[in-house]
Each structure stands twice: as C-alpha cells, then as structure tokens.
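S.K.: Sequence:
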Amino acid sequence: MLNRLLSTFPFLEVLLRNLYWRNSAIHRIANYFSRKSRRPAASPAETSKSNADAFFEDISRLGIGSGDILIVHSSFGELKKFGLTPSEVIARLLSIIGETGTLVMPAIPIFREAPPAEKRFDSSLFSKPFIYNVKKARIWTGALPQALISTPGSVRSRHPLNSVVAFGAHAKKMVSRELTSKENAPCGEGSTWAYCHEHNAKILMIGVDVVHSLTMIHVAEDLLPEQWPIANWYRKRQFRIIEDDFDEVVEVSERRPEWALFYAERGFSKDLHKAGIIKASLSEDVNLSVIESAQLIDFLNSKKHSGYPYYIPFWLK
Numbered sequence: 005m006l007n008r009l010l011s012t013f014p015f016l017e018v019l020l021r022n023l024y025w026r027n028s029a030i031h032r033i034a035n036y037f038s039r040k041s042r043r044p045a046a047s048p049a050e051t052s053k054s055n056a057d058a059f060f061e062d063i064s065r066l067g068i069g070s071g072d073i074l075i076v077h078s079s080f081g082e083l084k085k086f087g088l089t090p091s092e093v094i095a096r097l098l099s100i101i102g103e104t105g106t107l108v109m110p111a112i113p114i115f116r117e118a119p120p121a122e123k124r125f126d127s128s129l130f131s132k133p134f135i136y137n138v139k140k141a142r143i144w145t146g147a148l149p150q151a152l153i154s155t156p157g158s159v160r161s162r163h164p165l166n167s168v169v170a171f172g173a174h175a176k177k178m179v180s181r182e183l184t185s186k187e188n189a190p191c192g193e194g195s196t197w198a199y200c201h202e203h204n205a206k207i208l209m210i211g212v213d214v215v216h217s218l219t220m221i222h223v224a225e226d227l228l229p230e231q232w233p234i235a236n237w238y239r240k241r242q243f244r245i246i247e248d249d250f251d252e253v254v255e256v257s258e259r260r261p262e263w264a265l266f267y268a269e270r271g272f273s274k275d276l277h278k279a280g281i282i283k284a285s286l287s288e289d290v291n292l293s294v295i296e297s298a299q300l301i302d303f304l305n306s307k308k309h310s311g312y313p314y315y316i317p318f319w320l321k
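Just so we're aligned, residue 5 is where the sequence shown starts under the working numbering, counting upward by one.
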C-alpha cells in the first residue's frame, strides 16, 4: 500500500526521505522498526540440493548465459536455505556465464575515517583524504562479493567509490581504465560501470530491491556530466589509494550526498516495470530480476533533461 502511494506521488517519497535523513529522532525510530520487521533467514534444512538446482536454472531462463558480463547485486541471507557456501554460489553463477563470461559485484570499501551516515552531508568531515588499500580494505556489500574477492584471479577496482570486484574474461580490462579521466567520476569515463554499459552487461538482482541497489543508473549522470541538468551535482574528494607499488593521492568526483534525498525510487520502479525493462520472477521464494544495462541507460537518457529519476524542486536546480 505504501509503495503504491509513493510510486504515484514521488514528491511524497522525497519528502519522507528528507525527513528521515535530516531528523535524527525520526532516523532512530525508523531504524528500530526496520530491525523489528526483518524476517529471520531460512534454515538450510528447509530446502535441498534439488531446490538449489532449480533456482540457478531459473536464473538461466531469465536470459543469462555464456559470455555475458553479469553484474550481481545480492542478499546472501536469501540463499542460506539452499545450504550453499558463498563460494559455492559464486561457482554456480560462473558456470552459467562460462569461461568467456565475467562476473562483477559491488565491493564498496569500509573507510575507517568515515563519519556516521547521518553526518554525511557535512563536507568538512570529508576534507582529508580517506585511505583505500585495494587488496586489504574490508567491504560492506555482503558475503558473495567477499567470496569473489577471495577467488584466485579476481580483480578489484582502484576507484574508491562504487568499487567492484570482477572475475572472468573482461575483468582486467574493465578496471584498467579507472582513474584516467579528468573528472574520475565513479560511473563516468574510464570506470568499470561505463565499461559494463558499453558491453551491455546484464544486471541480476537476487533477493534485493531493484531500484534501491541499481548502481548502473549513475552512468547516465556521470558519463556525460555536461549534459546533466542539475548544477553543483558533484563535489571533489581526495583518496590515498594503495595497491602493491602504487601509492598516490587521487582526486575524484562524487555526487553530493544531499542529492540522493531526491531520488524517487518507487516511482522509478513503477516506470521500469511499465516500460518492460525489468524481467522479474520468483524462484524458490527468492525474488529475481534482470535488467540489460544498455536498455536501462537509453531509458534514463531519454528522460534526464528533467533530472529524472530525481525529483528536485526547481529552485534547487
């Protein structure tokens, strides 16, 4: 009911998001009820190997196959009932795309210098370089990306924002162009995300909300920043990046965090379904969705003259 209301009135969602992030009391109350409402993960004893086989066959039926660049956003908690380890899930996904395919997952690093999330709007707290040790940094994006990082032959982004881990035929090439552009935007020229878009990577969502996790949308903003209609969209940040013999302070562009408060994701979700861009199914009680990145960015580019899918009051543009 609430999602339907928010998808119909996107400015209502924007209002609620601003209240949530800008009011610490509301933030704490909402987080409390969110924790209370989470359902416990299913026990591995509740399913069997045959259920797991059927689940991965359903992923293949969504149009994913040999040679694909596959970006996976996932919740491993939804998969625990199959009794598979994260590494075994990785192996299953790799078997679907084959030796000529490439598996990509978000591997967003945890920065020790980062302030609490509710203070992310205070730019003074980000004035000093954060340290990103590419091979040692822990991530907060889940068990499957961590398992992929531990897979021999995988590579990680040097870009500290919207970082990925990749394994397969395109892995080394897609990270080789990072931090070579003027702006160094996380999804802009030279980024792994731009590479995935250029090669029409398929995006698979496993047990997560599609539009809440859809990093690829930022390619529409970052790849041609001069065409983005919102002024003052980015701020500059510095990171000390360490990897083997590489140790440099690099300046990158980052979307100002306050703009995220105007992302009307429920209306965006409705629009993507209506346009047929999301292919969705339910397999073994786990939600699956697939999007082709080229189709997604074409859709966003057709609407970005207004700043879509952000709903920003005209006096802030």
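Hints are computed from structural coordinates only; laboratory data are not their basis. A quick note: this is a predicted structure, and the numbers were derived from the prediction, not measured. Using N, Cα and C, we set each Cβ at its ideal position, and we do this for glycine too. Among the hints, erroneous ones may be present.
[Said to hold, decoys possible] Computed list of lysine-lysine pairs in DSBU-like fashion (alpha-carbon distance at most 30 Å, straight line):
1. Lys240 to Lys274
2. Lys186 to Lys321
3. Lys139 to Lys84
4. Lys140 to Lys240
5. Lys140 to Lys84
[Claimed, not checked] Label pairs and their computed distance ranges (CB to CB):
6. Gly157 to Glu255: 36 to 44 Å
7. Lys307 to Ser54: 37 to 45 Å
8. Asn137 to Ala284: 32 to 40 Å
S.K.: If a hint holds in the structure, say so; if it doesn't, say that too.
M.R.: Tested hints:
1. Lys240 to Lys274: Distance ~33 Å between Lys240 and Lys274 Cα, so the pair is violated.
2. Lys186 to Lys321: Cα-Cα ~24 Å, so holds.
3. Lys139 to Lys84: holds (27 Å)
4. Lys140 to Lys240: holds (24 Å)
5. Lys140 to Lys84: holds (26 Å)
6. Gly157 to Glu255: 36 to 44 Å: Since Gly157 and Glu255 have Cβ atoms about 31 Å apart, the given range 36 to 44 Å is violated.
7. Lys307 to Ser54: 37 to 45 Å: holds (44 Å)
8. Asn137 to Ala284: 32 to 40 Å: holds (38 Å)
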